[in-house]
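Peer 1: Each chain is listed here by its residues.
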Amino acid sequence: MNELLEQVRQGQIRAIARLITQVENSPTAAEQAIQALYPHTGQAHVVGVTGSPGAGKSTVVNALVKTLRQQDVRVGIIAVDPTSPFTGGALLGDRVRMRDLSGDPGVYIRSMASRGSLGGLARATASVIKVLDAAGFDYVLVETVGAGQAEVDIANAAHTTIVIEAPGMGDEIQSIKAGILEIADILVVNKADRPGADRTVRSLKMMLHLGPVGGTRQSGRISSLATTSPNGAAWNIPVLETVATEEKGMGALAEMLAQHMAHLRQSGDWLKREKERSWREVEGLLQQRFMAQFQASVPLELRDGLLTAVAERKVDPYTAVHQLLEKTESKRKG
Amino acid sequence: MDQTKPRILIAKPGLDGHDRGAKVVARALRDAGMEVIYTGLRQTPEMVVEAALQEDADAIGLSILSGAHMPLVQRIVELLAANQMTDVPLFLGGIIPNEDVPVLKALGVTGIFGPGASMDDIIAFIWDAVGGAPLAGDVA
Numbered sequence: 022m023n024e025l026l027e028q029v030r031q032g033q034i035r036a037i038a039r040l041i042t043q044v045e046n047s048p049t050a051a052e053q054a055i056q057a058l059y060p061h062t063g064q065a066h067v068v069g070v071t072g073s074p075g076a077g078k079s080t081v082v083n084a085l086v087k088t089l090r091q092q093d094v095r096v097g098i099i100a101v102d103p104t105s106p107f108t109g110g111a112l113l114g115d116r117v118r119m120r121d122l123s124g125d126p127g128v129y130i131r132s133m134a135s136r137g138s139l140g141g142l143a144r145a146t147a148s149v150i151k152v153l154d155a156a157g158f159d160y161v162l163v164e165t166v167g168a169g170q171a172e173v174d175i176a177n178a179a180h181t182t183i184v185i186e187a188p189g190m191g192d193e194i195q196s197i198k199a200g201i202l203e204i205a206d207i208l209v210v211n212k213a214d215r216p217g218a219d220r221t222v223r224s225l226k227m228m229l230h231l232g233p234v235g236g237t238r239q240s241g242r243i244s245s246l247a248t249t250s251p252n253g254a255a256w257n258i259p260v261l262e263t264v265a266t267e268e269k270g271m272g273a274l275a276e277m278l279a280q281h282m283a284h285l286r287q288s289g290d291w292l293k294r295e296k297e298r299s300w301r302e303v304e305g306l307l308q309q310r311f312m313a314q315f316q317a318s319v320p321l322e323l324r325d326g327l328l329t330a331v332a333e334r335k336v337d338p339y340t341a342v343h344q345l346l347e348k349t350e351s352k353r354k355g
Numbered sequence: 002m003d004q005t006k007p008r009i010l011i012a013k014p015g016l017d018g019h020d021r022g023a024k025v026v027a028r029a030l031r032d033a034g035m036e037v038i039y040t041g042l043r044q045t046p047e048m049v050v051e052a053a054l055q056e057d058a059d060a061i062g063l064s065i066l067s068g069a070h071m072p073l074v075q076r077i078v079e080l081l082a083a084n085q086m087t088d089v090p091l092f093l094g095g096i097i098p099n100e101d102v103p104v105l106k107a108l109g110v111t112g113i114f115g116p117g118a119s120m121d122d123i124i125a126f127i128w129d130a131v132g133g134a135p136l137a138g139d140v141a
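Same order as they appear, the protein sequences are chains B and R.
Residues in the first sequence are numbered consecutively from 22, following this note's numbering.
Residues in the second sequence are numbered consecutively from 2, following this note's numbering.
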């Protein structure tokens, strides 16, 4: 493992690819790798790219990375596509739109299946981000599965979240609903050459004006960490227009990424977000660990028997949980 | 809980635009519970091998109907060797004349599936090539 980690730190593609597979497949491997690599992380600018299926996420990533590469930065891309809940298989097709990036030694693309996670990312995505961060990539772009209204995990994983919309996807009411639009640091209306693009831009801007001062992302989802920025600087969420297939608007988007990073650093939001992100991550790991402990301590037959009783309406779900927890507790004490 | 899934790269090298076969196979492998990385049309050998390297693919499937399978496969095999990836099984679909089959196998292609090949055979071949199908109940 140590040799592999050393090669990852040197940026060797084969080692990076191997380690990501291990991290994806085995929580134990992930734990070992992250324990060793964590001190070397925190350098990369992690950018989330999300939006509904077909809005143009992969195409925007392709064009944006071409633009970023003009500044001599190395870019790692994680492209998540959904796993079938029925067969466990997945068709990972984001590379199809990123063919311009092939042959560029400064770009690494990795497709990832969501493997049953529902928040738009895979369980291992946070660890894979750290692998690429430790491997020295300046930017790590994470493209989520085509997201609807509730897949907002990316906001906890990324420093900057780009939400991509396309014209003709719904009226103004869609834009004031809770969910994905709330996590945007940068809003992009892609396919801006299509009819109706002006209307989409207008309704997004209207949505931003209905919110707090000029439109700032609702930060501080954990109340104890919700502090106002020391200098009180607010980030005004921009609405950018792009035509990714023609690489239009990419310079402005790249520039906005840099501005957002500068804002995070100057305002103190950087640390705030890192704290939030860390808490979410620790919380997630705790849940997994508790669940595993629970599953190990309660015999399968007992669980099965209780579930049958619930299914037959002999025991209600709440009582079942009480009984299961009692078993876990008594096991721990005994 | 460990969760290992075969990662299969399906690529369409060469200049013909007939990607239906590649898509049908990609879909079938997905339904068999594998993770399929689909790269799309008109891939150069360099693009195929780069993708396999970055994706840590367990096997590479090529669909070639242009008649250019000999030079394409030759180049891909060379590039795989240059990247110490000779252990990655290579399989082929499309229009491959019978007389080319032994030459391709000698180059290192482990499976060749022409028109009429059964999907079950292809799936069984890949499970075998990547070290066996999961036990029943292991899928999720």
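Hints listed in this document are in silico derivations from the structure and should not be mistaken for laboratory results.
One thing to keep in mind: the hints can contain errors.
[What the hints assert, rightly or not] Here are a few chain B residues that sit away from chain R, every Cβ distance over 10 Å (derived from the structure):
| no. | residue |
| --- | --- |
| 1 | MET22 |
| 2 | ARG223 |
| 3 | ALA341 |
[To be verified] If you want the footprint, here are the derived chain B segments under chain R, 3+ residues with CB under 8 Å:
| no. | stretch |
| --- | --- |
| 4 | 59-65 |
| 5 | 109-119 |
Every residue, glycine too, gets a C-beta built ideally from N, C-alpha and C.
Peer 1: Evaluate each hint against the coordinates.
Peer 2: Now for the hints, and whether the structure bears them out:
1. MET22: holds, 16 Å
2. ARG223: ARG223 of chain B is indeed farther than 10 Å from all Cβ atoms of chain R, at 35 Å.
3. ALA341: holds, 22 Å
4. 59-65: violated (count 0)
5. 109-119: Since three or more residues must qualify, the claim that chain R covers the stretch 109-119 of chain B holds, with 8 doing so at under 8 Å.
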